[in-house]
Structure formats: C-alpha cells, structure tokens
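Trainee: First to last, the protein sequences are chains R and P. Under our numbering, think of the first position of the first sequence as 1369, with each following residue one higher. Under our numbering, think of the first position of the second sequence as 40, with each following residue one higher.
Hints in this document: simulated from the structure, not taken from any laboratory. For every residue, glycine included, the Cβ atom is placed at its ideal position computed from N, Cα and C. There's no promise every hint is true.
[What the hints assert, rightly or not] Listed next, the stretches of chain P that the computed footprint assigns to chain R, with coverage defined by at least 3 CB atoms under 8 Å from CB atoms of chain R: (1) 41-51; (2) 94-106; (3) 154-163.
[To be verified] Just some of the chain P residues that point at chain R, by a computed CB distance under 10 Å: (4) Asn-56; (5) Lys-57; (6) Arg-60; (7) Cys-168.
[As the list claims (entries may be wrong)] DEER-style ranges, computed between Cβ atoms: (8) P:Glu-149 <-> R:Leu-1522: 32 to 42 Å; (9) R:Ser-1429 <-> P:Leu-78: 47 to 57 Å; (10) P:Arg-152 <-> R:Lys-1426: 33 to 43 Å; (11) P:Gln-182 <-> R:Ile-1395: 24 to 34 Å; (12) R:Lys-1403 <-> P:Gln-100: 49 to 59 Å.
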Amino acid sequence: MSTGIINDIKKSSAGFDINKIRGDFPILKEIVHGKSLCYLDNAATTQKPKAVIDTLVKYYSEQNANIHRGVHYLSELATKEFEDARIKIKDFVNASSEKEIIFTRGTTESINLVANIFNKGVLKDGDEIIISGMEHHSNIVPWQLIHDQKKIKLRVIPIDDNGEIIFEEFLKLINEKTKLISIVYISNSLGTVNPVEKVIEAAHRHNIPVLLDAAQAIQHLKIDVQKLDCDFLAFSGHKIYGPTGIGVLYGKKKLLESLPPFQGGGDMISKVTFEKTTFNDLPYKFEAGTSNIAGAIGLGTAIDYVSKIGLEQISKHENEILDYATESLLQIPELKIIGRAKHKSSVISFVFDNIHPHDVGTFLDFEGIAIRTGHHCTQPVMDRYNIPATSRASFAMYNTKEEVNVLVKGIKKLIEVFN
Amino acid sequence: MDAELKELYQQVILDHNKNPRNFRKMENANHFAEGYNPLCGDKLNIYVEVEEGKIKDISFQGSGCAISKASASLMSSMVKGLPVEEAEKLFEKFHAVITGKITDEKEIEELGRLAVFAGVREFPSRVKCASLAWHTMTAAFKQEEKTVSTE
C-alpha cells in the first residue's frame, strides 16, 4: 500500500475508511497498460460496489420474474424487491410519497419525460422555458425538440468567466410567459454547484415550477426534495454507484397527477377498451412497459451502500480530494483550469495552450489514468470559453490523494513529451 | 513512453504537431472545405488551388489534436504537385493502413512519410483524427469556389 493511501486513512474521520471502501469496488484492482487503474472519470459513470454486482446476480439467479402482474411466487418476490427499491429512493431524497418516484432509463429520459408531458399538457405557442448556459445537451435538446412543433422560446441564463450563473440576468428572464425553469444542479463540465435554492425561491414567487438535473449532484450532496421544494428532480442510477439503464424522475404528486401520461403501454393503464383507456395511478401512469427491474433493485442496493457510509462523509472526503487536486494542478504553469466557481464539487476541467485534450486522454491512459476528454456533451460551455474541448478529472468516494499525485505526475510527463 | 504509445506519437508526428507545414489561409484557393469532428470538436479548414487537374498549392488552418494536425501537415506536403486523382488514391491507401486493412509492412512502406500513421490502427478512436484532413480535402475537391471567403 502506498503511503499516500495510509495518510488518507489517518486523516479521514473514524467512520470513513477509504481502504475498506476501495476494497468494496472490485474493478479498482484492475491493471491498465501495466499500471494500477487510476479511475478519475466518475462524472461519466461511477464504478459499482460488490454489493450492487451481487444484487444483480442474485436477482437474475433467484428472483427474476415480471412485476405487477403475476400471482406466482417469483413475480410477487420481484415486485416486492422492485417496490422496496422505490421506497429506498423515496427515503433517500425525502419525497413525501413513493408515488412521486418514477423509474426511467436515466436523467436524459427523465428530462425528456417532463418535456413530453409539458408539451402535451401545458405549453402553448409563445411560452418560454428557462435553462442555464451550462446545461448538458440532455437539458437543451428535449426542449428544442418541442420547439420544432410549437413556437416556444428557450431562454438561457448567461454564465460568467468563473462558471457561475449570473443571477440578476436570470431574474430578468422570468416573465408571465415562463412555464418552467430547468437547470442543472452541478455542472458536469465545470463542477459548479448552482444556487438552486435561490433559483427555486425566485421561480416560486412567480408560481413557475423548477426541474433540477441532479445527474452530478445525487452522488455528492444530500438532497431533500421537500426542503429544496423543487418540482421535479432527475437523476441516473449509474452515477451513484448503481447500474446503467435505470434512472429516476421525482415529481410533486399534484403536478404529476395534473399532467398527461408519457408513453402508452402495459402497466400504465387501469382499463383498456378499443374506444377508451383509463390510466393507472401514480407512479405507474408514467411507467409504460416492463421497467429495468434488476436495475431498479440494484439502484436500491447502491443507495443502501451510499447511505451506510453517509453522504456527508462522502462529500467531505470528495471536497478534500477536489481541493488537493485543484491546488496540485495549479502548480503546473502550462495548465489552466476551466471553471473556477466559488462552490464546486468533484469536477476539474483543464486545458493546455499547446496540447489537445485528446492527446492528453490517450497519453494518460497509458499511465493507467482514466479521465474524460472532449466537450462533455456541453458544447455551448466550450463555445462560451472559446475552447474546442477540455480534459476532465472527476472524483468519487473511493479516490485518494495518491491518485491525484499519479495524475499530476502523468501530466508532467505529458508536457515533457508534447512541449 | 510505452512502446505502443510511441508507435502512435512518433517523433515525426510530434514535430509536425509543433511546427505544422502549410498552416495558413490561402487567399487564391479555388477549392475549400470545412472539416469538423463533432466527437472531439476538431475543426479544420482546407484550402486548395487546383490547376489543370493538379494540386498546385494546398494549405490548412484549424485546431485539433496532434494526430489530426500532423496528419493535415504531412498530407499537405505529400500531395502538393500531385494530380487530384492520385491524391484521392493515396487517401484510399492511407485509410486502409490506419484502419488496419493493410498490414503488410512493404505496402505500408509505399506510403512514404505517411507510414508514421500506421500506429493509429491500434487506436480505433483516433482513426477519425488521422483521416479528418483527408476527408476534408476530398470534400474540397468537389466544392469549387472562385474565391474563398475570408470570414
């Protein structure tokens, strides 16, 4: 074991055992190009603890059946596991009812779901949606797709040089035509933690609902939807140590009840004739077809795992790593950090004058370091800073200062070769 | 550097990345195309002056990774003076090498200085970087313009 990891253990508080946590993630032992894997691409997806992997194996080995329809033993077992996962998620985000927790394929589908039902149930020509200048494409394109059918306007909150939204400009965008504010909680390319409490408060003064894209927040910050008072919250399972292909849309019950269904099919109906269909109650009204049952149950286990360690402990550790990494990278004169917001979480984007991010990514890969390079599905952010792409290191609960040192060493080697 | 990585980033490629040849805007070009790789945001403008079916002059501008920049640089110095058809044939062969369809060392050698890109075949995600300039050049051949916009 390296001394860096030992130091980390010593510094961590009693409840946070980094060594034990790393041991829970089998993939962290992998060797890449002859080097120990240094996984710093957690904003793209997080690795899975053994508990989640075991849950998937157990589900398919011992529990697999379709849910909500069979009367046989396995179907009832699978249904119970699936609905238990929903309750775990409800408790995790402190929703007032499990009826407010809708399973989707991920954040993208959750946002598309809201866009779709708002288009059918709320939006008229001339209406406006407000988003921010640091949205992921998945919170831009769904609204543009509506734009093709109706004359709605997408208003964009500008961001400043540090990567923070300009709040006064946001307030100016609100008017009587604004029907929804859809904003990212934590930026995936800049790491900015947006002041969503203030955004929600301002929006609610005008009775405008708010959707929070929490894809990068759910695994780092304690989210209480009742305290935040957000109207919708979207996130993905795979970014919080759960399986891919499963995600969640939280929505306030009253709002969800007032809106039309998303897709049609099995499970979302209560009675079907060829003339008319009555729809099922929440949350099933929005869950047409067979869900990703194993994924939902696996997500439940991931949430148990995170809860056991505690999000407060996790974010404390991650912030330490972020601060250490920021400090270390700032020592490299050739490197420039993109995104210097006061309140950041777990993401560092950086560029070099003469080295393209793609070369950075390939070079560091041979040091065993996994980072993301490219535009991170936020092309407007790249345009805002007049850069084609960035390199991004992003952290999770299992990352160590030693790994940050490996990154810094790799970057120094890279500069030697390319400059 | 790791051996496989050294194969990709050969000294010639690193040199051309640092000091790209024919890296300028051409005012009297009669063919022009914009190349764009949405995956990584690489942008490449290729300017060509074709006279009597031959490439009289070729230049490029833009931003990209070492592979795409070096590829554009080496391409421009290799095809200058060639008939358009031969340049297109060269691209076919080049493409076959970087995608691993041609692996015979002798055939690769026939590419001359372009043979340094053979290492790209081990990196499927970088094939587009190496071929962007070539795709843009062949697009430029088809796009005739009296004068290239200076905007």
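Trainee: Now tell me if each hint is right for this structure.
Mentor: Verification of the hints:
1. 41-51: Held - the stretch 41-51 of chain P has 5 residues with a Cβ nearer than 8 Å to chain R, which meets the minimum of three.
2. 94-106: Contact hint for the stretch 94-106 of chain P vs chain R: holds, 5 residues under 8 Å.
3. 154-163: violated (count 1)
4. Asn-56: holds (7 Å)
5. Lys-57: Because about 8 Å separates P:Lys-57 from the closest Cβ in chain R, which is inside the 10 Å limit, the hint holds.
6. Arg-60: violated (17 Å)
7. Cys-168: holds (7 Å)
8. P:Glu-149 <-> R:Leu-1522: 32 to 42 Å: Because 53 Å falls outside the window, the suggested range is violated.
9. R:Ser-1429 <-> P:Leu-78: 47 to 57 Å: violated (39 Å)
10. P:Arg-152 <-> R:Lys-1426: 33 to 43 Å: violated (58 Å)
11. P:Gln-182 <-> R:Ile-1395: 24 to 34 Å: violated (48 Å)
12. R:Lys-1403 <-> P:Gln-100: 49 to 59 Å: The hinted range 49 to 59 Å is violated for R:Lys-1403 and P:Gln-100, with Cβ atoms some 37 Å apart.
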